[in-house]
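Each of the two chains sits in its own frame; use the hints to bring them together as a complex.
Sequence lines, in order, name chains C and L. Using the numbering used here, you'd call the opening residue of the first sequence number 1 and step up by one each time. Using the numbering used here, you'd call the opening residue of the second sequence number 1 and step up by one each time.
I should point out that these hints are in silico values taken from the structure, not numbers from a laboratory. Incorrect hints may appear among the rest.
Derived Cβ-Cβ restraints for the label pairs, each shown as a range [claimed, not checked]:
| no. | chain 1 | residue 1 | chain 2 | residue 2 | range |
| --- | --- | --- | --- | --- | --- |
| 1 | C | G65 | L | P80 | 53 to 61 Å |
| 2 | C | V133 | L | G22 | 26 to 34 Å |
| 3 | C | G123 | L | W40 | 24 to 32 Å |
| 4 | L | W103 | C | G65 | 25 to 33 Å |
| 5 | C | Q106 | L | M100 | 44 to 52 Å |
| 6 | L | G44 | C | L36 | 38 to 46 Å |
| 7 | C | P76 | L | V33 | 17 to 25 Å |
| 8 | C | Q106 | L | L54 | 35 to 43 Å |
| 9 | L | G44 | C | L108 | 37 to 45 Å |
Facing chain L, according to a computed beta carbon distance under 10 Å, are these residues of chain C, among others [what the hints assert, rightly or not]:
| no. | residue |
| --- | --- |
| 10 | Y26 |
| 11 | W39 |
| 12 | T44 |
The structure presented is a predicted model; accordingly, all values stated were derived computationally and were not measured. Note that CB positions come from ideal geometry on N, CA and C, so glycine has one too.
Here is what each chain is made of, one letter per residue.
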Amino acid sequence: MAVAEKALGHAHGHLSGADLAKPLEYQDPHQSVRILGFWLFLATDMLLFGCLFATYLVLHTHTDGGPTAKELFDIPGFTAETFILLTSSFTGGLATLAMRNRNKKQVLAWLAVTILLGLSFVGLEAQEFYKDVLEGATMQRSAFLSAFFTLVGTHGSHVSLGIVWMFSILLQVAKRGLTQVTARKIFIVNLYWHFLDVVWVFIFTVVYLFGVVL
Amino acid sequence: MAHGHVELHDGPAPAHEHHGPGLYIVGYIASLVLTAIAFWLALGHHMAGGPLALTLLILGALQIVVQLFFFMHVTEGDGPPFHSMALVLGLIFTFAIALMSIWIMSFHYQVQ
Numbered sequence: 001m002a003v004a005e006k007a008l009g010h011a012h013g014h015l016s017g018a019d020l021a022k023p024l025e026y027q028d029p030h031q032s033v034r035i036l037g038f039w040l041f042l043a044t045d046m047l048l049f050g051c052l053f054a055t056y057l058v059l060h061t062h063t064d065g066g067p068t069a070k071e072l073f074d075i076p077g078f079t080a081e082t083f084i085l086l087t088s089s090f091t092g093g094l095a096t097l098a099m100r101n102r103n104k105k106q107v108l109a110w111l112a113v114t115i116l117l118g119l120s121f122v123g124l125e126a127q128e129f130y131k132d133v134l135e136g137a138t139m140q141r142s143a144f145l146s147a148f149f150t151l152v153g154t155h156g157s158h159v160s161l162g163i164v165w166m167f168s169i170l171l172q173v174a175k176r177g178l179t180q181v182t183a184r185k186i187f188i189v190n191l192y193w194h195f196l197d198v199v200w201v202f203i204f205t206v207v208y209l210f211g212v213v214l
Numbered sequence: 001m002a003h004g005h006v007e008l009h010d011g012p013a014p015a016h017e018h019h020g021p022g023l024y025i026v027g028y029i030a031s032l033v034l035t036a037i038a039f040w041l042a043l044g045h046h047m048a049g050g051p052l053a054l055t056l057l058i059l060g061a062l063q064i065v066v067q068l069f070f071f072m073h074v075t076e077g078d079g080p081p082f083h084s085m086a087l088v089l090g091l092i093f094t095f096a097i098a099l100m101s102i103w104i105m106s107f108h109y110q111v112q
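Chain L extracted, bound-state conformation (with noise of 0.2 Å):
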């Protein structure tokens, strides 16, 4: 099946299919939403400190899956998904980084 399409370069362009603007408008409709609902918490004082600094970081965290599989085409690709392995990782040092680095400065005191 696959050659008999070989030669047709010559002549119109090859079908391809047309894809609408629909998996667009949805990802940024839901992170504008995230966005909406971020500041809605934050500025209109509906929760404490600690549980209002993690729901804002959850809130993040979905922001990323909006970007990537809305707009980055994250699950596509040729051959293996090295990138998402990549990704992955670099995702788990990036929050390890900040995190321990929180967590091992809390012990000490404070400089200006």
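This is chain C alone, in the form it adopts within the complex (with noise of 0.2 Å):
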């Protein structure tokens, strides 16, 4: 192990012409490992993901006689959602393209409206609950908002999140500069970042526009 360790270590102060033509994030084997096991995270999340929604799926017309979804969705509050979401994925990835092109200005910049695009979705979703929960939708009302509830809300959960690891990273960045470290970490906070929003893809699909027009 140790010997291994030396070895690594040894590639890793006189990097060969083949490694330095990977992008930044893949020229240290240490940092490549470490994103071929956050992929391996995503695999797993997207089980829990779909769990639950199996679970609305089944769930969602056990409405006990309380609010449905036509009654309940409001269509510009999650089609500014969507959009929003959208195009915090398309920042992230300019901060994932700044970072192998060596621009540490444009990172910061990229990951700050990411951030900010985060948050505001946040802001939305929460605001959606608070309105939902005063026109008496709560979460104990009926089992398709038991279900409701527990998907929209463990997606919100996890880009609230990745809005605090992202800030890190900025901060991270900022301090430290972009090194193969640093360059893995604004790399696997942008996987986790694309893969939320494929997730709010479904979510958007088969809860709210199946929610309104099915």
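If you want it as structure tokens, here you go:
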């Protein structure tokens, strides 16, 4: 083990031309394996959302005489949330691009934009939940609402965690600059962010659009 | 050839390609167009329930493809594409859980 570590350390110190041709976050094998590990996490996090989607799909008609999806969902509200999250996925991608181009200023700027968009998404969602609860559509009201708040709330807390995480990486990049380690961190937090965008696309389709139309 | 570059470390930053944002812009436009189509189909009442649901799910699947290939660089990586295998397995499980739950619960009565 120690020998392998030493060999890796040596490789780290003297990168070959082939390694330098790779994107910054993949140049050090120590960082590459962390990226692989994060992909594996995303595959398992997908299972969590798969179970919550299954629950929602089974229970969404069980409204117990309470508010239905059609009565509850506000089209301009979820349209705005969708547009904001899609845009933030794009700006997060631009942060990765800037990292690969070794442009620290742009990385910081795009991460900041992404965080702001994430905050406005969470703000809109909190507002929506608040309005629902005022109308009597609480989590305890029906099986439909329990499943709805669990699914959408789990996504919202993922986004909230992502905001805190991305902010901590913004501080690290500001302090330490673009290294192989911070590059890997920028890449991974954006993988997480794009994943949450995909989950939202399905929430917006299966929960909101199906809810309003079907 | 590789050896010629070993000592470049202390010099100026190693040459790397500058990548333009073209791929990202295409991906962003594609995701906006797919979303707009979904909205238009759903809110314009252009289709009946069943086919509409299927079409919207296909549009969602295309959004996954856009995110994976334009933003997440799923084809890149170090070594064998283990991450793609994990992802495919995760997707199969996820859809199996969701679709089979609907199927099996359709045998059941409605519980309020």
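Results of checking the hints against the structure:
1. C:G65 / L:P80: 53 to 61 Å: At 55 Å between Cβs, range holds.
2. C:V133 / L:G22: 26 to 34 Å: 45 Å, violated
3. C:G123 / L:W40: 24 to 32 Å: 27 Å, holds
4. L:W103 / C:G65: 25 to 33 Å: For G65 (chain C) against W103 (chain L), whose Cβ atoms are near 27 Å apart, the range 25 to 33 Å holds.
5. C:Q106 / L:M100: 44 to 52 Å: Given about 45 Å between the Cβ atoms, the range holds.
6. L:G44 / C:L36: 38 to 46 Å: With a Cβ separation near 43 Å, G44 (chain L) and L36 (chain C) satisfy 38 to 46 Å, so the hint holds.
7. C:P76 / L:V33: 17 to 25 Å: 20 Å, holds
8. C:Q106 / L:L54: 35 to 43 Å: 41 Å, holds
9. L:G44 / C:L108: 37 to 45 Å: 42 Å, holds
10. Y26: This interface hint holds because 5 Å falls under the 10 Å limit.
11. W39: Nearest chain L Cβ about 3 Å off; hint holds.
12. T44: 7 Å, holds
Taken one by one, the earlier hints fail for this structure only at number 2.
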